[in-house]
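Student: Sequence:
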Amino acid sequence: MSSTEYNGSMKAVFFDLDGTLLDTLPDIRNAINYALRAYDGEEASSADVRRYVGRGLYRALSSAAAEKNPKGLDENEFNLMFALMKNYYSRHAVVETKPYPGIAELLHSLKRKGIRLGIVSNKADSIVKEIIGELLPDIFDFVSGEREGYPLKPDPKLLLDGIEAVGSSPAETVYVGDSEVDAETGKRAGIRTVIVSYGFRSREELGRNGIETSVDNAEELAERLERMV
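Numbered per our numbering, the sequence shown spans residues 1 to 229.
Quick caveat, the hints were computed from the structure, so don't treat them as lab data. All residues carry an ideal CB built from backbone N, CA and C; glycine is no exception. Each hint should be verified, as a subset may be incorrect.
Keeping only pairs whose Cα atoms sit at most 20 Å apart, straight-line, the calculated DMTMM-like set for lysine to aspartate or glutamate is [to be verified]:
| # | residue 1 | residue 2 |
| --- | --- | --- |
| 1 | 113 | 223 |
| 2 | 71 | 96 |
| 3 | 68 | 42 |
| 4 | 98 | 74 |
| 5 | 86 | 40 |
| 6 | 187 | 212 |
| 7 | 129 | 75 |
| 8 | 86 | 23 |
| 9 | 113 | 138 |
| 10 | 98 | 23 |
| 11 | 86 | 148 |
| 12 | 129 | 23 |
| 13 | 11 | 161 |
| 14 | 129 | 161 |
| 15 | 86 | 130 |
| 16 | 111 | 226 |
| 17 | 113 | 220 |
| 18 | 86 | 74 |
| 19 | 113 | 212 |
| 20 | 98 | 130 |
| 21 | 86 | 125 |
| 22 | 86 | 75 |
| 23 | 129 | 141 |
Ranges between beta-carbon positions, derived for each pair [unchecked claim]:
| # | residue 1 | residue 2 | range |
| --- | --- | --- | --- |
| 24 | 80 | 216 | 26 to 36 Å |
| 25 | 209 | 46 | 36 to 46 Å |
| 26 | 87 | 9 | 37 to 47 Å |
| 27 | 227 | 74 | 44 to 54 Å |
| 28 | 67 | 9 | 26 to 36 Å |
| 29 | 70 | 223 | 46 to 56 Å |
| 30 | 104 | 205 | 20 to 30 Å |
Can you build the whole structure from these sequences, using the hints too?
Tutor: Right, here's the structure in full:
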């Protein structure tokens, strides 16, 4: 990674979690399939789950159930199914999940330079904090998943409140994500946004949605951030 120092115009970097910092796909898939099997549904593949995620676990399971449960579920049954999945995932959230190569080094480098670091995720807040506490502890100045009173991304409210909480402003912050949801979140927040292609959406898929990507790994992400300051 480049040793170029940040010149002070960027005070903070906020990140999406799933597909940006961590490869959480295997554990999410296991939780979805645990719930699907309990209701006689077919199992979802990794490719399926990549399509489902991005707007919270409730929406992900809803998409999975619509495709994989041939009998269909009424609202009460689905809510029970979701509770089953959430309970399973809360107990198995860090089985196969791990940071993408080079991410921990990038985060520590940013922190040494005095950059404030934050996470805003559509995943349940308690699970986000559990995962970060185990895999990337004592790095972030702000960590939040889904909170009562806050709409999910792409609504930018939680991101903007997080930026304010760490003492930065939208003009002094960069947001990093991996999906069309993150691109829209950054746009609505009015902040510089980097969309990576190593996560849950490929460069080709993002391109079909009109989203520019130029970051294929953590080293390229570090170089891109340095060019943006």
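Student: Now look at each hint and say whether the structure bears it out.
Tutor: Status of the hints after comparison with the structure:
{"no.": "1", "hint": "113 with 223", "in the structure": "holds (14 Å)"}
{"no.": "2", "hint": "71 with 96", "in the structure": "violated (31 Å)"}
{"no.": "3", "hint": "68 with 42", "in the structure": "holds (5 Å)"}
{"no.": "4", "hint": "98 with 74", "in the structure": "violated (35 Å)"}
{"no.": "5", "hint": "86 with 40", "in the structure": "holds (18 Å)"}
{"no.": "6", "hint": "187 with 212", "in the structure": "holds (13 Å)"}
{"no.": "7", "hint": "129 with 75", "in the structure": "violated (29 Å)"}
{"no.": "8", "hint": "86 with 23", "in the structure": "holds (18 Å)"}
{"no.": "9", "hint": "113 with 138", "in the structure": "holds (15 Å)"}
{"no.": "10", "hint": "98 with 23", "in the structure": "holds (6 Å)"}
{"no.": "11", "hint": "86 with 148", "in the structure": "holds (16 Å)"}
{"no.": "12", "hint": "129 with 23", "in the structure": "holds (16 Å)"}
{"no.": "13", "hint": "11 with 161", "in the structure": "holds (15 Å)"}
{"no.": "14", "hint": "129 with 161", "in the structure": "holds (18 Å)"}
{"no.": "15", "hint": "86 with 130", "in the structure": "holds (14 Å)"}
{"no.": "16", "hint": "111 with 226", "in the structure": "holds (14 Å)"}
{"no.": "17", "hint": "113 with 220", "in the structure": "holds (18 Å)"}
{"no.": "18", "hint": "86 with 74", "in the structure": "holds (18 Å)"}
{"no.": "19", "hint": "113 with 212", "in the structure": "violated (28 Å)"}
{"no.": "20", "hint": "98 with 130", "in the structure": "holds (13 Å)"}
{"no.": "21", "hint": "86 with 125", "in the structure": "holds (12 Å)"}
{"no.": "22", "hint": "86 with 75", "in the structure": "holds (16 Å)"}
{"no.": "23", "hint": "129 with 141", "in the structure": "holds (12 Å)"}
{"no.": "24", "hint": "80 with 216: 26 to 36 Å", "in the structure": "violated (41 Å)"}
{"no.": "25", "hint": "209 with 46: 36 to 46 Å", "in the structure": "violated (20 Å)"}
{"no.": "26", "hint": "87 with 9: 37 to 47 Å", "in the structure": "holds (45 Å)"}
{"no.": "27", "hint": "227 with 74: 44 to 54 Å", "in the structure": "holds (52 Å)"}
{"no.": "28", "hint": "67 with 9: 26 to 36 Å", "in the structure": "violated (45 Å)"}
{"no.": "29", "hint": "70 with 223: 46 to 56 Å", "in the structure": "holds (48 Å)"}
{"no.": "30", "hint": "104 with 205: 20 to 30 Å", "in the structure": "holds (26 Å)"}
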